[in-house]
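For reference, the chains in residue letters:
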Amino acid sequence: MKTNDVILQTMTKVIFFIIILFSIHIFFAGHYAPGGGFVGGLLTSSGIVLLLLAFDLKTVSSMLPINYTVMVAIGLLIALGTAAGSIFFNVPFFTHVYDYFTLPLLGKQSLHTAALFDAGVYLVVVGVTMTIIQSIGEDE
Amino acid sequence: MSFVYLIFIPMLAALLIPFLFKKLSGIHTGWFVLIVPVVLFGIYTTLLPKVQEGESITSSFEWIPSLDISFISYIDGLSLLFSLLITGIGALVVLYSIFYLDKTREQLHNFYVYLMLFMTAMLGVVQSDHIISLYFFWELTSISSFLLIGYWYKRDRSRFGALKSMMITVFGGLMMLGGFLLLSLMGDTYSIRELIAQAPELANHEWFVWSLVLVLLGAFTKSAQFPFYIWLPDAMEAPTPVSAYLHSATMVKAGIYLVARLTPLYASSEWWIWLVTGIGLLTLFWGSFFALKQTDLKGILAFSTVSQLGLIMSLLGAGAIAFHTGIDRENSIFKYAAFAAIFHLVNHATFKGSLFMVAGIVDHETGTRDIRKLGGLMSLMPISFTIALIGSFSMAGLPPFNGFLSKEMFLSGILSIHEFNLFAFDTWGIPLLVVAWVASVFTFVYSFYFVFRTFTGKHKPDLLPKEAHEAPLGMLISPTILGLLVVAIFFIPNLIGDTLVKPAVLAVQPFLYTSTNDIDIHIAAWHGLESPELWMTVGIVALGLLLYLTLSKWQPLYGKFPQGFSLNRLYDSVMDLSETGTNRFSNLYMTGYMRSYLVYMFTGIIILTISTVFIKDAFDISFATLAPIRFYELIIALVLVAGTVTILVAKSRLTSIIALGAVGYSVALFFVIFNAPDLALTQLVIETVSVALFLLAFYHLPKLNRHENRMKFRLGNALVAFGVGVTVTIVALSAHSQKLVRSISSYYEKTVYTEAGGGNIVNVILVDYRGFDTLFEIAVLSIASLGIIGMIKLRLTKKKEVNRIENE
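Read top to bottom, the protein sequences are chains A and B.
Be aware that the first sequence starts at 781, since it is given in the working numbering, and climbs by one per residue.
Be aware that the second sequence starts at 1065, since it is given in the working numbering, and climbs by one per residue.
Extracted from the complex, chain A is given alone in its bound form (with noise of 0.2 Å):
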């Protein structure tokens, strides 16, 4: 019973990468405004639920062939390992360090641990939210 969606399918082809840049530019604006690895993590699954909604599981599975489990793994290693990094420096477990660098193209920027932190915060909801929902969407 699949009813025709072609508005909904021809809309996400565009929307789905609009809310995806949107959730990257949220992730890294998230320390100075809102935003941050939490929301940009839920707005990327948003967007990939989207495409869930207007395409099958299938075939968003063959479009982003992804292991949510591992990302989970991934994110999860990545945010432990910046707290944990600081201990090689001999300074307490989870302190952040951050510094003013000129970068080509973008300028003075700040370059901080803790977007790195964030990084493995924002893969783990992205893992773990779309985990839940592939879980149970191919449960039969």
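Bear in mind the hints are in silico, worked out from the structure with no lab data behind them.
Glycine is no exception: its CB is placed at the ideal position from the N, C-alpha and C atoms.
A couple of the hints might just be wrong.
As the list claims (entries may be wrong) - Ranges between beta-carbon positions, derived for each pair:
| no. | chain 1 | residue 1 | chain 2 | residue 2 | range |
| --- | --- | --- | --- | --- | --- |
| 1 | A | VAL786 | B | GLU1697 | 38 to 48 Å |
| 2 | B | ASN1647 | A | GLN789 | 46 to 56 Å |
| 3 | A | THR875 | B | PRO1692 | 37 to 47 Å |
| 4 | B | PRO1741 | A | PHE868 | 30 to 40 Å |
| 5 | B | SER1630 | A | PHE868 | 52 to 62 Å |
| 6 | B | PRO1692 | A | THR790 | 46 to 56 Å |
| 7 | B | LEU1718 | A | THR875 | 13 to 23 Å |
| 8 | B | SER1089 | A | PHE797 | 49 to 59 Å |
| 9 | B | SER1660 | A | PHE797 | 27 to 37 Å |
| 10 | B | PHE1836 | A | PHE797 | 29 to 39 Å |
| 11 | B | ARG1219 | A | PHE797 | 53 to 63 Å |
| 12 | B | SER1630 | A | THR875 | 28 to 38 Å |
To be verified - Listing some non-contacts, in silico: residues in chain B with all C-beta distances to chain A over 10 Å:
| no. | residue |
| --- | --- |
| 13 | SER1089 |
| 14 | ASN1174 |
| 15 | MET1231 |
| 16 | THR1544 |
| 17 | LEU1698 |
| 18 | ASP1832 |
| 19 | THR1838 |
| 20 | SER1846 |
| 21 | SER1849 |
Use these hints to put chain B onto chain A, whose structure you have.
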């Protein structure tokens, strides 16, 4: 060189073992492992001359400096003796295991990893001066013992034995931790040496006896003393090298070590002397008496180990008496007791180690350990027989073997107890002596029973699963070395006495001696015709021979003992009761319905919050500082309420889901109005994703008609719902009406840019200020997703479940 790091070498070596096993599977992994104990043994031997002069070697590194917890390796005579035993017997056992465990069929990587883990743990126990790290290593020995007993984990008995030993020794370990904590509170230090230095003051403390009893519980469970010994016979399910190593030579002696180490601290106490001597003698008798009931070779050895541990324990108890004998210290016979204990400990390790290895050989080459099926192996396995004969005669206390020497010293130690006219020992000394003597007779009988029933008599080849033949040469090396030691120690006892035993005695009885030269004990085999020890030995041999020859007449008497009241039965019923009891208790409240759990949680929230507000007298509701309610806020609130009511009364699930979404979006709107863009953003996205999730799950919900299953009004649930609403409102209003503590937001405002290098406080809190919370939250999320995979993807159908149970 820092000796504290040596403790960890086996554990680090264990990291390599799986790779060696995988990559170099052509060579038996044991050969690589063998290097570790041999090298460590060599290093520890070089310390002997230094320690012999009464010196000690201390090294340490900090583990958790903020809690004052560190690893301190303190090597004195006692520690060094044990370290040498651990590495020395360890090397022999590894060598033996190379031939005992087949490299193609056995999971050697598991075996050697556990064994190395144990070695580190045991070295840690005997060298730690810090009681917390001592406890840490102590429990690690229990865990590695658990793993090794359960090595053949497919066997029911192995798993049972592993669990039993774990339950009992970890119980004791926890008791011991309690004793240690009391000690550290009393003495305000974690260091054993510092505690011992304060012994006189501590003895008057009201907690002193409590800590003593708790610490002894730890020592008694580990060293298999009555009534905790029941785990040791079941631990015999472990591979024989493990039994020889952990369950006779080293781990079970951890309790002995602890008692010896703490003797200077507790010797002043009457409780200590009575408990250690009394329980020791009781165990000695009990173990030797019931050894004769056993028909399994390793079972006999297990009970014999229990009994010998009791012997050493009782000697240590008698050794503590020396603390009280006052001026007469020079001639005090009790100084012999501690010496005899340590000496017998060394002897026991040699002869019992060799006997275990022989039992393993018999098992390996005939396929059975049942003494009723064995017999007449003497001509088939001459070398094994010789070793077994040496070991058994030594255990029985016959010359010319080392057991004779320490048995004589034991008898003189116990003989002299009734001369001690304190704590009622002058009246009770004679019964103790009788118990010790009778136990020695039984020791003699079971030693003979072990060796002659196996190796002499009629050979019964049809009862044996395999055709019996002598073991391969490699398997005989280790027991032969131990057997040679048994004989050698008899002829040159004072070499061992001076190099190993005396420095250890110095650590046990520092109140008697200041250096090893003060210990004027000379071991001699011959004490003259008029010495009572000699005649006691003669009596033991005479009565023992008589009892052994008539064994078949009276052995069936063991069957007459009531089976229902045994300690093993007690353990089983305690385990059963705790399992069914906890099950029944959990089933009382674990209904399997989400609504029950929600009621528990919400009731908890109401009670905790309201009672806290009451107790702290925090009711303070003033509307003075509140902003007026704006029109559109009212509208959103109404939408929110309408949405909630719709969820409850809607006739189709789809409507409920959409109404739920509406509620979520209205909350997000509130966040927007109250200037919380981060929250609003998150709420919006979460709402979207969760509505999608609901729609997905919607497909899978059973197709129930809401009409038929109309929700009934439940007063209890309504009250809880109402209560939660009231609670939250009260807390919100009270919190807003009074500012008891200054708001933390100004701190964030000040530091967010300068120290954290960010602009958005909310996100900086998440990743930096309270990064720990986030780290654990994402960990929880990950676990939740794994749980969902487990629930949905790995869900067992009924059929699969049945299959699985049948396979086990």
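The hints, checked one at a time:
1. Checked against the hint of 38 to 48 Å, the C-beta distance between VAL786/A and GLU1697/B comes to roughly 41 Å, which is consistent with it.
2. As the Cβ distance of ASN1647/B to GLN789/A is approximately 53 Å, the hint placing it in 46 to 56 Å holds.
3. Roughly 46 Å separates the CB atoms of THR875/A and PRO1692/B, a value that falls within the hinted 37 to 47 Å.
4. At about 37 Å, the beta-carbon gap between PRO1741/B and PHE868/A stays in the expected band of 30 to 40 Å.
5. The hinted window of 52 to 62 Å between SER1630/B and PHE868/A holds, with their beta carbons roughly 57 Å apart.
6. Taking 46 to 56 Å as the suggested C-beta distance range, the pair PRO1692/B and THR790/A conforms, at roughly 48 Å.
7. Our hint of 13 to 23 Å for LEU1718/B and THR875/A is violated, since their Cβ atoms are close to 50 Å apart.
8. As the Cβ distance of SER1089/B to PHE797/A is approximately 52 Å, the hint placing it in 49 to 59 Å holds.
9. Checked against the hint of 27 to 37 Å, the pair SER1660/B and PHE797/A fails, with Cβ atoms roughly 46 Å apart.
10. PHE1836/B and PHE797/A have their C-beta atoms about 36 Å apart, which keeps the hinted 29 to 39 Å range intact.
11. For ARG1219/B paired with PHE797/A, a C-beta distance near 60 Å keeps the hint of 53 to 63 Å intact.
12. In this structure, SER1630/B and THR875/A break the distance hint of 28 to 38 Å, their C-beta atoms being roughly 59 Å apart.
13. The claim that SER1089/B lies off the interface holds: its Cβ sits roughly 30 Å from the closest Cβ of chain A, which is beyond the 10 Å cut-off.
14. Interface exclusion of ASN1174/B from chain A stands, the closest Cβ pair being 25 Å apart, more than 10 Å.
15. Every beta carbon of chain A lies more than 10 Å from that of MET1231/B, the smallest distance being close to 34 Å; the non-interface claim holds.
16. With 10 Å as the threshold on Cβ separation, the claim that THR1544/B sits away from chain A holds: the shortest Cβ distance comes to roughly 51 Å.
17. Once the 10 Å rule is applied to beta carbons, LEU1698/B is consistent with being away from chain A; the minimum gap is 26 Å.
18. The beta carbon of ASP1832/B sits about 5 Å from the closest Cβ of chain A, which is not more than 10 Å, so the claim that it is off the interface is violated.
19. With 10 Å as the threshold on Cβ separation, the claim that THR1838/B sits away from chain A is violated: the shortest Cβ distance comes to roughly 6 Å.
20. With 10 Å as the threshold on Cβ separation, the claim that SER1846/B sits away from chain A is violated: the shortest Cβ distance comes to roughly 5 Å.
21. The claim that SER1849/B lies off the interface is violated: its Cβ sits roughly 4 Å from the closest Cβ of chain A, which falls inside the 10 Å cut-off.
Hint check: violations occur at hints 7, 9, 12, 18, 19, 20, 21; the rest are consistent with the structure.
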